[in-house]
Amino acid sequence: MGRSAVNPTLLEVRKLRIHLPTASGMSTVVDGVDFEVRRGEVFGIAGESGSGKTMSVLALLGLLPDGAVVEGSAKYDGIELLGLKGPSMREIRGAEIAMVFQDPMTSLHPMLSVERQLTEHVRYHLGVSARQARIRAAQLLREVRIPDPESALGGYPHQFSGGMRQRIAIAIALACNPKLLIADEPTTALDVTVQAGVLRLLDRLRVEAGLSVVMITHDLGVMSSIAEWLTVMYAGRVVESGRTADVLARPRHPYTAGLLAALPHPEAPAETALRAIKGAPPSPLARPAGCAFHPRCDYARPSCSTSVPALVPIGEGRGLACPVDPLIA
Amino acid sequence: MTVQQLPAPARFRISLRRRPGTIASAWRQPLAIAGMVLAGVWIFIAVFVPFLAPYDPLHQTDLLLAPPTAAHLFGTDELGRDVFSRVLWGSRLSIPIAFFLVVGAVVIGGTLGALAGYFGGVVEEVVMRAADLVFAFPTIILAMAVTAALGPSLQNAVLALLIVFWPSYARVVRGLVVSLKQADYVSATRLLGSSSRRALMVDVLPNVAGPVLVLATLDVGNAVLLLAGLSFLGLGSPPPFAEWGSMVNVGTQYFERWWMGTFPGFAILSVVLAFNFLGDSLRDALDPRSSWGGQQ
Amino acid sequence: MLLGLGITFVAFVLTELLPGDPAAANLGQRAIGDPAAVQAFREHYGLDKPLPVQYAVYLQHLVHGDLGESEQSHRPVLTDLREYVPATAELAVTSIIIAFALGIALGILAAVRRNKFTDQLLRVVSLSGISMPTFWLALVAIYVFFFKLGWVPGSERLDPGTFAPPHVTGLYTVDALLSGQTDVFTNAVQHLILPAFVLAAYNIGLLTRFTRSAVLEVINNDYIQAARAKGLPERTVVLRHVLRAALPPIITVGGLAFANVMTGTVLVEKIFAWPGIGNYAFLSATTLDLPAIMGVSLFVAIVYIVVNFVVDVLYGVIDPRVRVG
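Residue numbers (the numbering used here), protein chains in the order written: chain A, 756 to 1084; chain B, 823 to 1118; chain C, 66 to 390.
Just chain A, with the same shape it has in the complex:
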């Protein structure tokens, strides 16, 4: 496996397109997505359900459903991930790129012990003995702050609380020291009080290990607290990207602005109405022509319904897919 220690970019995705088979034919759920993840940094992907964010990352690990068609390129450390054959893909999964799923209630196997789930891939990838794997597993549990790791090893997922389960899931993901961790809505299924703890854990671990993280979430609050870089997706395309702080402070795309405006302001007076973006996100089968957002956009022009906006760099590492650019001010 080629390792280029100099190149700061760990993952480079270009022109990613994903088509899935449906009852009414192939539907394009991801329609031309570009992004880069640098070593040791947290990269956020924001968007509503159906925006294609989960599919994009599943494609990286070859976990798309049967019949999916993928176009484009995804280079991890110089290796092309899309279309990678079985054995090579398995080497990457877990050992190089690991994933934490949204709901730890369903992403941990209910009938296998915690120890088993922590050690099986370690033994497979690294070939260590059962005893060594067990020691490592206990250590991992300690790192994710699970109390009494030794007895936790013999436990089963249903015996732990939601937050602890997610910590276990994170421990499982990090067991083989991957370089890239994909976290798909890792805190969405957790209580708000528990969320912060898990996020802090993720942040600490990645700093200690020099880990790169792709954080997927629709929650802009979570995004602002942990992600350095942000990409906003809508209807399978990227609409805006850049440093999180910049994008959230000075959004340039009407959709991003709408998302931020919809967040309840903690200091607003009690009767302030919530401002939602009018309309609803389109299904991949019924995507509007031209810019997918134009039917819901306050600044739409006639040209928006005919030409698909390209993601254009607008300086300071930011990208914008809106030729109208109405919010520049």
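For the record, the hints were derived by calculation from the structure and aren't laboratory data.
Among these hints, one or two may not hold up.
Partial pick of chain C residues on the chain A-facing surface, computed with a CB cut under 10 angstroms [unchecked claim]: (1) N286; (2) Y288; (3) I289; (4) Q290; (5) A291; (6) A292; (7) T301; (8) R305; (9) H306; (10) A310; (11) L312; (12) K335.
Every residue, glycine too, gets a C-beta built ideally from N, C-alpha and C.
Given chain A, put chains B and C in place with the hints provided.
Relative to the frame of chain A, chains B and C by itself:
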């Protein structure tokens, strides 16, 4: 006391109109078609056998134990009777009886189960314990005991099998009635307003029909199998009659004359297969998620 | 326990109320002409006492482990059972093992190749398995594999002239191994193959279907995808993760499969001249040998209860969420 006419909740207005939609999709599957064709062929045979069978099934000739030839397609048995004709005539015995058996079991079991589910309490206890007791006995031992005690004859075998079959329907129907009863309190109020019997017929029956139909179709096959099994053991219809099970039994004794036992057995297999294909496709149609999923 | 009592009650009532006269059935022709013989018979078996007394007497004997004496063999029913149970046990256990091994394997195969040709083929095969008359299959099997091909023997537990190994369990295979008689062992296995497979046919069909649907229920769950995401080979994912999760509903079929085997033994043992409980049950039922019928029914009921208990325990072993505490 005025009875409030509450609007019927939509989900309870499942009229028979919806049924064709789901059952119709079953018809198109190749397995269902195969099953229907096969079952149709046998029913046709059962009806028209006097015209189809070349010989009288009871007519004995001098040509004993002859292998299959053009004159006797399936050969002859130990009394010189044409096996082919006997196999065809066997359908007149097995198929109508199996149908009768299943219908009887559905009616008895279904009624008992509906009563148990609807009224609960003592009625439910009695019916369900009786069902449990039957389930606890190994099927064949119960059937054997009853048939042996009453004397080996077709009627007694049928009676024994009725006893064995009704509990499954009682259980299914009771379970459905209970869940329907609890499903919608509004509907229950309405049920209390209108007559109980009417409510049972109009609201509950259509929902129950589906699973019962699947079970019944599969049970036709099971009935044929068990009936043949009892006959094989000598507990069904007595010798002269052309019953498939007893034919196989005799075939066991004349072992090298493979045609005597094999063809009746094939007949049993094909009939049961036909109804199992049908029942399986029906189940698919009513529960497409599992698609040829596990049995009850 | 209540069920057990209920069973004895029902069996008793059934055999008493049904019109057949056990004396006549047992003594046959003689009974018609000889009232003294009939009376002696009735006195011997206590049939002349009032019903409730008979029942109470029976229960009393039962508590002491006395199941009464078979009217046919004139031996204690318990002795009869002791003699015949091991034969059936050997057959039944072998059959169940075959059925589960093959059924589960085929079920997984069908699920993994869902809707492809293999799946459709297995659907037809499994439907055939549950549609086949067991006695007919036995006949065909004997004809083909014994008569025509001569691969395996067609009846009984051992070749004539071969002696049974020293009795430890009554299972010839196990006993032969225990006493080091490998030739007897081989012979016993040869005799076991055909009836065990015939008996297993129905259950193989049943288990294939159940396994397939159980696996399909589980295979799209998140934890399966998570297992793949860890880089584990597909075989490990299927065998360890998928199968484990699908096992609970499959295990519950165990009770049903066992019932099928019990039903099947009556037919199979008759055809293969296998000296087991099935044969005994048939003889008792047709001669209205009341104590024997009761004995067999009781025995089978107890086995059912034990099997269901074992199934419950297994459930807890496989699925930790079910365990208490």
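>> Run through the hints listed earlier and report the numbers of any the structure violates, in increasing order.
In response: Hint 12 is the one this structure does not satisfy, whereas the remaining hints hold.
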